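Counting in our numbering, the sequence shown runs from 16 upward without gaps.
Because the hints were derived from the structure by calculation, they are not lab data. Keep in mind it's a predicted model, so treat the numbers as computed, not measured. Where is the CB? At the ideal position from N, CA and C, for every residue including glycine. Treat the hints loosely; a few may be bogus.
[As the list claims (entries may be wrong)] Taking CB as the label site, the calculated pair distances span:
#: 1; residue 1: Ser78; residue 2: Arg41; range: 28 to 38 Å
#: 2; residue 1: Lys49; residue 2: Thr91; range: 27 to 37 Å
#: 3; residue 1: Ser50; residue 2: Gly80; range: 12 to 22 Å
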Amino acid sequence: MSTLAVVEEILRETAVPMSVREIVERAGVRLPSKSKTPDTVVARDLSMDIKRKAEGSLFVRTSPGRYTLRTLAAATNSATTPMSALPARKPAVAASSSSPRARTDSEATGGGFAS
Numbered sequence: 016m017s018t019l020a021v022v023e024e025i026l027r028e029t030a031v032p033m034s035v036r037e038i039v040e041r042a043g044v045r046l047p048s049k050s051k052t053p054d055t056v057v058a059r060d061l062s063m064d065i066k067r068k069a070e071g072s073l074f075v076r077t078s079p080g081r082y083t084l085r086t087l088a089a090a091t092n093s094a095t096t097p098m099s100a101l102p103a104r105k106p107a108v109a110a111s112s113s114s115p116r117a118r119t120d121s122e123a124t125g126g127g128f129a130s
């Protein structure tokens with residue numbers, strides 16, 4: 016059974032959005048990967064499936080690090096909004112300085128340490 020098949024089974028059983036850690040804990044030995052970091056494997060597989068299949072994916076990201084089945088998200092759309100439906104954040108604007116700060120005498124002659 017593939018990683019995504021196990022994740023699908025778990026999400027159907029719980030019927031609520033879950034974090035990757037919660038999914039891995041619930042899956043236990045059912046996960047086919049013997050990786051030392053199963054969280055990473057599950058997160059990667061979910062992200063790649065959503066990215067590759069877009070609206071055709073069985074899964075949807077409801078918030079950063081939380082996933083559910085697309086059919087469950089559609090049924091409870093008023094409670095959760097898929098991340099893809101959220102507006103994009105505006106990039107941060109760097110603070111601008113009008114002019115460089117003039118150095119003081121103590122900064123120019125050795126960093127301001129008392130002698």
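Requested in this report: Note whether the CB distance of Lys49 and Thr91 lies within 27 to 37 Å or breaks it.
Outcome: Given a distance of about 34 Å, which is inside 27 to 37 Å, the answer is holds.
Query raised in the report: Taking the CB of Ser50 and the CB of Gly80, does the distance hold inside 12 to 22 Å?
Result: Roughly 18 Å apart at Cβ, these two residues keep to the hinted range, so it holds.
Query raised in the report: Is it true that Ser78 and Arg41 lie within 28 to 38 Å of each other by Cβ?
Result: For Ser78 and Arg41 the Cβ distance comes to about 18 Å; the hint is violated.
Checked against the numbered hints above, the structure violates only hint 1.
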